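Chemist: Line by line, the protein sequences are chains A and B.
Numbers 41 to 253, taken from our numbering, label the letters of the first sequence in order.
Numbers 41 to 253, taken from our numbering, label the letters of the second sequence in order.
Be aware that one or more of the hints could be misleading.
No copy is singled out in the list; a pair is fine if it fits within one copy or between any two copies.
Said to hold, decoys possible - Taking lysine-lysine and the DSS-like style, the derived pairs with C-alpha atoms no more than 30 Å apart in a straight line are: (1) Lys-189 - Lys-227; (2) Lys-189 - Lys-150; (3) Lys-189 - Lys-63; (4) Lys-109 - Lys-189; (5) Lys-111 - Lys-89; (6) Lys-63 - Lys-227; (7) Lys-160 - Lys-109; (8) Lys-227 - Lys-109; (9) Lys-111 - Lys-150; (10) Lys-196 - Lys-227; (11) Lys-227 - Lys-150; (12) Lys-160 - Lys-89; (13) Lys-227 - Lys-88; (14) Lys-196 - Lys-111.
No lab work stands behind these hints: they were computed from the structure.
The structure presented is a predicted model; accordingly, all values stated were derived computationally and were not measured.
2 protein chains.
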Amino acid sequence: MEHNCNLKESSELTKTFTCGTNKEITGCRFSLYPMNSDFVSIILGSLKKTDTSAVWCDSDALSTVYRGKRKYVADAVKALFINAWRRDVHMAMEGHFSKGCPGDIAGESKLDFEGEAPNKAVVEDVNFPALCKLSLYPMGTGNYMEDIKEVVQMAKVRELNPQSIHYATRISGDIHAIFDYLEDVCKYMEESVSHFILHFTISVNSPTNEEEI
Amino acid sequence: MEHNCNLKESSELTKTFTCGTNKEITGCRFSLYPMNSDFVSIILGSLKKTDTSAVWCDSDALSTVYRGKRKYVADAVKALFINAWRRDVHMAMEGHFSKGCPGDIAGESKLDFEGEAPNKAVVEDVNFPALCKLSLYPMGTGNYMEDIKEVVQMAKVRELNPQSIHYATRISGDIHAIFDYLEDVCKYMEESVSHFILHFTISVNSPTNEEEI
Chain A
41 MEHNCNLKES SELTKTFTCG TNKEITGCRF SLYPMNSDFV SIILGSLKKT
91 DTSAVWCDSD ALSTVYRGKR KYVADAVKAL FINAWRRDVH MAMEGHFSKG
141 CPGDIAGESK LDFEGEAPNK AVVEDVNFPA LCKLSLYPMG TGNYMEDIKE
191 VVQMAKVREL NPQSIHYATR ISGDIHAIFD YLEDVCKYME ESVSHFILHF
241 TISVNSPTNE EEI
Chain B
41 MEHNCNLKES SELTKTFTCG TNKEITGCRF SLYPMNSDFV SIILGSLKKT
91 DTSAVWCDSD ALSTVYRGKR KYVADAVKAL FINAWRRDVH MAMEGHFSKG
141 CPGDIAGESK LDFEGEAPNK AVVEDVNFPA LCKLSLYPMG TGNYMEDIKE
191 VVQMAKVREL NPQSIHYATR ISGDIHAIFD YLEDVCKYME ESVSHFILHF
241 TISVNSPTNE EEI
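Please put together the full structure from these sequences, using the hints given.
Modeler: Rendered as structure tokens:
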């Protein structure tokens, strides 16, 4: 666990800066939270059903990380969520896509996979509505609000109903539309800055009636 | 919901830039995830038990936000987690502290509270171990890795056992030591940059045995 990004120790920082960065690696660290006493079997069942042959994976007690090409990382995260979904279980996933951290280096990744995303055919016909909040952090630049503005506009064009809330933006829509938007935000940001992080939370089957709040 | 921060629409951006920012407001947006079928009563019970008289609050189906002085926001978030804790329930909280967003303005906050934090006496004798991961984003600066390095050092000095993982750092310790560290990172960052965000995830009672992974 030495080749990492945020909050590194000084000795590791020196090492990774020296080694340089690998700009091809997209990463996503995420956690799945089924609000149900059967959470272990929901999570394990989904992990078993999700094809992770196109990404590098690592898990601990707090979260899982996938690293590889953007297309395959996004495919695996989306599939994990869809495979865990149950009609009657309130569930959330928090995660963050990241690319270009100066502390990141080559390794602990999979970059040689080619072709169709391995989970696409299995999950593409499973549809359900979801809520999502997201926060985008373009790093090392003074103009970061411009990118944020552009990304909100992308959500508007896709009719994901972006709404500004303190410290985040909410969107809503079909689960595929939400995940595809997150992937396309990453694609857009790759062209704009050398390092960005996109935090997201996706929620389904919430019992909260917002009209009653 | 017009006075917000991340991913704003362009018209709101113009408005909020014009209005200026309020540098006194610390905010924390968070979600609580008890992995238990009784999650509604755990969350509602904790909300009822937590004194939020010192902060401004707002909730929706995805998360809750507290805004006010740092001390009272940190007190309320810590109390909400401790009040929700049950010895036998795996639970996580994800959240992010934020201060100084250029899109933020005065309002939707509470800044006139003084004195002792209202939840301190109620929760200070409740102790249990927890795991935490965190990611720090100092915005609008090219030197952000320096702050990150310093904040890891703070965790080391406090014997929170910081460990670098991809895109985050893990710490572990008593729940008070973890929350107090997060608050002190905010305090440190206030002196360093005009805008920062500190994402965190705290987990208790995980059934995952990391030695078996």
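Chemist: Have a look at Lys-196 and Lys-111 and pick one of within, between, both or neither, based on CA distance no larger than 30 Å.
Modeler: within (23 Å within a copy, 37 Å between copies)
Chemist: Could you figure out if Lys-227 and Lys-88 sit no more than 30 Å apart (CA to CA) within one copy, between two copies, both or neither?
Modeler: within (28 Å within a copy, 43 Å between copies)
Chemist: If the cutoff is 30 Å on CA atoms, where do Lys-109 and Lys-189 land: within, between, both or neither? Let me know, please.
Modeler: So Lys-109 and Lys-189 pass the 30 Å test inside a copy (26 Å) and across (28 Å) alike.
Chemist: For the identical chains here, do Lys-196 and Lys-227 meet the 30 Å Cα criterion within one copy, between copies, both, or neither?
Modeler: within (17 Å within a copy, 36 Å between copies)
Chemist: Cα distance capped at 30 Å. Does Lys-189 pair with Lys-63 within a copy, between copies, both, or neither?
Modeler: Close inside one copy (24 Å) and across copies (22 Å); limit 30 Å.
Chemist: Up to 30 Å between alpha-carbons, please classify Lys-111 paired with Lys-150: within, between, both or neither.
Modeler: Result: close within a single copy only, 12 Å intra versus 44 Å inter.
Chemist: Go through the copies and call it for Lys-160 and Lys-109: within, between, both or neither, with a Cα cutoff of 30 Å.
Modeler: within (15 Å within a copy, 47 Å between copies)
Chemist: How do Lys-63 and Lys-227 come out at 30 Å by Cα distance, when the copy is not named: within, between, both, or neither?
Modeler: within (13 Å within a copy, 33 Å between copies)
Chemist: Between the shortest in-copy and the shortest cross-copy C-alpha distance, which are at most 30 Å for Lys-227 and Lys-109: within, between, both, or neither?
Modeler: within (11 Å within a copy, 37 Å between copies)
Chemist: Evaluate Lys-111 and Lys-89 at a C-alpha cut-off of 30 Å and name the case that applies: within, between, both or neither.
Modeler: Classified as within; 19 Å inside a copy, 45 Å across copies.
Chemist: Is the C-alpha distance from Lys-189 to Lys-150 at most 30 Å within one copy, between copies, in both cases, or in neither?
Modeler: Close across copies (28 Å), not inside one copy (32 Å); limit 30 Å.
Chemist: Classify it for me, Lys-227 with Lys-150: is the Cα-Cα distance of at most 30 Å met within a copy, between copies, both or neither?
Modeler: within (18 Å within a copy, 39 Å between copies)
Violation of the numbered hints given earlier is absent; every hint is satisfied by the structure.
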